[in-house]
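Engineer: Now for the letters of each chain:
Number of protein chains: 6
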Amino acid sequence: MRVDGRKFDELRPIKVIRNFQKFAAGSVLIEFGETKVICSATIEDKVPAFLKNSKSGWVTSEYSLLPGSTSDRTARDSTQGKISGRSQEIQRMIGRALRAVVDLKALGEKTIWLDCDVIQADGGTRTAAVTGAWLALFDALLTLDRKNKKFPITDFLAAVSVGIVNEHVLLDLDYSEDSHASVDLNLVLTGQARIVEIQGTAELEPFDFSILQEILNMAQKGIFQLVRIQQDFAGEFFHNLLTVKGFNDSVPE
Amino acid sequence: MRVDGRKFDELRPIKVIRNFQKFAAGSVLIEFGETKVICSATIEDKVPAFLKNSKSGWVTSEYSLLPGSTSDRTARDSTQGKISGRSQEIQRMIGRALRAVVDLKALGEKTIWLDCDVIQADGGTRTAAVTGAWLALFDALLTLDRKNKKFPITDFLAAVSVGIVNEHVLLDLDYSEDSHASVDLNLVLTGQARIVEIQGTAELEPFDFSILQEILNMAQKGIFQLVRIQQDFAGEFFHNLLTVKGFNDSVPE
Amino acid sequence: MRVDGRKFDELRPIKVIRNFQKFAAGSVLIEFGETKVICSATIEDKVPAFLKNSKSGWVTSEYSLLPGSTSDRTARDSTQGKISGRSQEIQRMIGRALRAVVDLKALGEKTIWLDCDVIQADGGTRTAAVTGAWLALFDALLTLDRKNKKFPITDFLAAVSVGIVNEHVLLDLDYSEDSHASVDLNLVLTGQARIVEIQGTAELEPFDFSILQEILNMAQKGIFQLVRIQQDFAGEFFHNLLTVKGFNDSVPE
Amino acid sequence: MRVDGRKFDELRPIKVIRNFQKFAAGSVLIEFGETKVICSATIEDKVPAFLKNSKSGWVTSEYSLLPGSTSDRTARDSTQGKISGRSQEIQRMIGRALRAVVDLKALGEKTIWLDCDVIQADGGTRTAAVTGAWLALFDALLTLDRKNKKFPITDFLAAVSVGIVNEHVLLDLDYSEDSHASVDLNLVLTGQARIVEIQGTAELEPFDFSILQEILNMAQKGIFQLVRIQQDFAGEFFHNLLTVKGFNDSVPE
Amino acid sequence: MRVDGRKFDELRPIKVIRNFQKFAAGSVLIEFGETKVICSATIEDKVPAFLKNSKSGWVTSEYSLLPGSTSDRTARDSTQGKISGRSQEIQRMIGRALRAVVDLKALGEKTIWLDCDVIQADGGTRTAAVTGAWLALFDALLTLDRKNKKFPITDFLAAVSVGIVNEHVLLDLDYSEDSHASVDLNLVLTGQARIVEIQGTAELEPFDFSILQEILNMAQKGIFQLVRIQQDFAGEFFHNLLTVKGFNDSVPE
Amino acid sequence: MRVDGRKFDELRPIKVIRNFQKFAAGSVLIEFGETKVICSATIEDKVPAFLKNSKSGWVTSEYSLLPGSTSDRTARDSTQGKISGRSQEIQRMIGRALRAVVDLKALGEKTIWLDCDVIQADGGTRTAAVTGAWLALFDALLTLDRKNKKFPITDFLAAVSVGIVNEHVLLDLDYSEDSHASVDLNLVLTGQARIVEIQGTAELEPFDFSILQEILNMAQKGIFQLVRIQQDFAGEFFHNLLTVKGFNDSVPE
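Chains as they are written, first to last, in the numbering used here: chain A, 428 to 680; chain B, 428 to 680; chain C, 428 to 680; chain D, 428 to 680; chain E, 428 to 680; chain F, 428 to 680.
Be a bit skeptical, because a hint or two may be false.
Pairs involving identical chains hold if they fit within one copy or between any two copies, as the list cannot separate such chains.
Said to hold, decoys possible - Pairs of lysine-lysine residues, derived as DSS-like cross-links and limited to a Cα-Cα distance of at most 25 Å, are as follows: (1) Lys434 - Lys449; (2) Lys479 - Lys537; (3) Lys532 - Lys576; (4) Lys482 - Lys532; (5) Lys648 - Lys434; (6) Lys577 - Lys672.
It should be emphasised that the hints constitute simulated quantities derived from the structure, not laboratory data.
Okay, chain A solo, but in the shape it has when bound (with noise of 0.2 Å):
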């Protein structure tokens, strides 16, 4: 058992509140459990230079942590003048994550930003930011006007973290998991089980491949929970557009 009393292969509780920034496009504040991130999605009617003329789109991402989310405040970016390497990293990865997701030449000539701001960082913040920045994309594409064009959005994204913590495989690390972990790896799967991202990093402790399989296995009984989600969220209307399917055996339907 852990420490908050989960077993090790079960998420943390996932909420969700649709249109939290009134003026977005696309804004949802999701939470898995402490941890809580503001997504929101804007549109701009332009894309960057390497893009012009092209008829394709682009999304793009940037992250940040608010400086109360952590018991030490965390120093603003802006103040230092400069983003911090972390930050940059996470909002690279979840850029990328989701313009795997994105048919960017039905998207046409705009560009989507996802701005993902923890508001309360408990461990996990870039697993809940991928997984809240689909849900805010979505609802910001649902703005376009759609007449007889094909909806952008072309599977569902979600993304766990697995740890290992004194030899046992975590799902879902909280703040105080993730800190004594020897091994953390992201995962980020579409609604088909497919991966689209992979980030594992052993910086204590390197592991062997057959712990990598125990990981990849527990990742996706999370992500499959969470792609639920995703599907209860887009609604009836999406439910032969995007479908769920192809987890393990392991992952109870």
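Given chain A's structure and the hints, the job is docking chains B, C, D, E and F onto it.
Structural biologist: Just chains B, C, D, E and F, lined up with the frame of chain A:
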């Protein structure tokens, strides 16, 4: 009557969610109608260089708009590599105003950071920020050990904007009003109706001293209600220490 | 009596050197006692992006202290890699104030840069800057071809500070006074005694509305003298166009 | 067969020039085919603030492309005034990976800087950088006085990329392959075939878990050869201390 | 004859206003014709890190153009977020040159800041800056307590430019000449006619060694007059300490 | 005799590796003894704003030290967020010097970037950079289509340093000599022995004009040998176009 049905001298609905961020020493979400600001207070056990060995503490503030807080996405200061002039101006004002009601000697060699992050911007963000920052500060200071020590807050502190729109003097402008205002004045008062900061600007049309008088009278009405909310927030224990008085006759008890 | 022998409601000696910089369209050196500011106005044949094709011009300002202007050397903003919060706040105020007396449509799609560089800082640099910037602006606009065109300046504009030092209300504080002031208020008025900007701050000790009234009365006296100087500077040709009136009874004609 | 005649599971020719920079404590030029990276290690007798008095050392990395390393000139980070997101991401990974095979306590309060400067970029620069950084680090640590002290390196460390191009799984992509890859995965292993870092991305096309397995098998083959090269570089004296084992059956001994 | 009526080997009128800024330890306004530079010297009671505990002082310089100093407004370095390459080059030269005539050991662990701010730029700003910086430095050092101490200045120091315009060798170019010069050389000499800095550039047209000789001869004539002005400025008390001699025959006594 | 056995007027061994970077239009590794610099030239099909529609091209340079090029690691400019003053000064000189031997009209509206990255710094990096940049530029310009077009290079260009160490005039100082030099002069000459740039500095000890003469004579000897190397590099085809002549008598044919 105003667009949203308010009377000229009526505040928008004020709402406060206490302990909004679990890990900050003090944190509220304050809402002035659709304007929503997260105010958090964190305590650092050191002071800026110019106060070293002075036995005096410091209160400082940082203010920022989340990108999704506005219809047109607001670019992050961190991406620009510097804080915008507007943000600088506002955060300097918030820090200055709060210092006027803190006994820095009683605080001792600590720095209180007041972070005001706007998650939805519908006009009056700086006045909501000042009013909410006082609440976050209050809660943060409650976490300090107070054995035989003076509580470092000396008074309430709240702010409202008053503007002139189509020659009407209006209290607590929302964004649609603010963008047509010929004059915009922000007033910060204590619970004793004493002036801490007055900032009035007439970019479109200079105004007469008689109008200034009207504006100041109306501002008092709004602030009176805000410091009453702060009084309730502080609770009975502080009723002797922190009082509300001195507001002008036009203010209803 | 004050340290330098002035009466409470007496300005420091005001001095203006016209055409201080030969290559700028307009340039003055303005002195409020030992405070000396170079104000220059240059004209650029384009406008910021948000005004393109609006047929409207723009007036903006930059403010800086020369390193040798203060006893302790002031570090350059350029060496810090960013503009100090104080400079930002002041230059935003100068630009905003001057725009209130310029008919931007009459100016046409041009930008006027008002650069205020303090070569000696003895208190009141921002009020000297506003007052001098008007003079530089006036001279710069004279260089424009005016055939059948409306002169774009609509009124005079000057500023003074008033402060409370040892419970006395004092006009036009010098640095030794300013550093002990419990309240510091800057007022910007037009030649019609109308308010363009009011900025008052009580970091040490909040103050009553009755004191505000005294401060405002005294400020009018100072500004009246400054706009008279501007009237002389503009010369007879402009006496019909730009007038001085509306100042309160306490102001001696 | 591939464009350059390699088999699917064949590395490009690997070349190492030892002591490439005379003044650095350790320095190699490492070549993976036409990809050429200068890796240097320098030792500083202090540690970052968070490690002061911890008796622990630190290993950190900086990565950059020389402007002339690519056909289209790569703008310098210094001219942009900030490090590009891509460089940040890569240098964080290099530092993290190397720390996994360094006993920071045995190192003592020193910082090792691993600078990886790409002089020719033909794909796989980050994997060449990790592999070369280990060599430079090894040589730098040899210069430390080792009387009765444990050698701080605990294992070999090498990296390769594997990608999917036209549905083939290819080892060690060059730039022409990388730019058409639908999946790109970088794997960092120790000499014991244990995982230190796994980073896989499918921007174009998500991929199945079965493909991941193929990729990981092929990556092992490449890394096996690289750690053999490191073993030769280290020399016989270290053969007991640093061994190579545990690679999968498909890897030829 | 030149545009302004000067002979080829004639300086522009040189003018110095002493104590130009009241609060700086030393300050002059120096004019070479229409080129006007404020040079101030301030003393700081510490030295850069590399001189700590060396018993040696330091002299450093910062140089900047005021925006209104040129017909086309010069953008501020602070707004760009960095110092322009040209300013950097000039300020490094000024600091280096002045250090050549200061006995840094005699100065002790102090830093002298020489700030050169150009208020009007008509060619030759760097030579006016060097010459004026010496004067400001001299006055600043007079403010130090000198009981039984060696005066830290060892020699005079002045600079002029010489250029080739339409195949004529001209002394002390103004802007109209400088912008057509095929060669531009700045020479910094001591009062003993010894070389401290020589910087010659032929962007348009390389030049022969024989021309260099002519240029150097003419430069000596100009510098001779400038160090005479410095000698008068220093006053009789320093006539034994600081002498002028060694200039070539073509220089009139 | 000097530390490394050289005569006073002897260059260090000069070595050039052509085509050092495969993807750059021109690239050499140039060595002056242990000083090693990668010089690359890349061609961009646009010009800076001030040359738009001028039919004229541009040549510019960037210079940097690799961190491992020095015994004490050199911090990256990018990590500092700005280019060091020394780098700025050097890269401006390199660009300026090369422009003196390029016919910018013949080049047409293109920009040539000359990147000089020092991989090993043992004194004289800027002179090696100038000499090597010419070689890289030459090779880059060979890649341009030259049908009926004038070759844009008009002359050779090389540089050496000469210094005074212990009162001896020494050619081509290495770092151990440079760090004790009382005078350091860099001279850039064309193949016609004409001066393009002269930069001499005497931070420690001003020097006489007679010494300058000795220095210039010795510098010619060194540059003569360098332009001979450039002549060989250019090859026979260019022997009529680019010649070497005019060096003084002391230079051995």
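Engineer: For every hint, state whether the structure bears it out.
Structural biologist: Hints, verified against the model:
no.: 1; hint: Lys434 - Lys449; in the structure: between (37 Å within a copy, 24 Å between copies)
no.: 2; hint: Lys479 - Lys537; in the structure: both (10 Å within a copy, 23 Å between copies)
no.: 3; hint: Lys532 - Lys576; in the structure: within (11 Å within a copy, 44 Å between copies)
no.: 4; hint: Lys482 - Lys532; in the structure: within (6 Å within a copy, 38 Å between copies)
no.: 5; hint: Lys648 - Lys434; in the structure: within (13 Å within a copy, 37 Å between copies)
no.: 6; hint: Lys577 - Lys672; in the structure: within (22 Å within a copy, 52 Å between copies)
No hint from the list above goes unmet by this structure.
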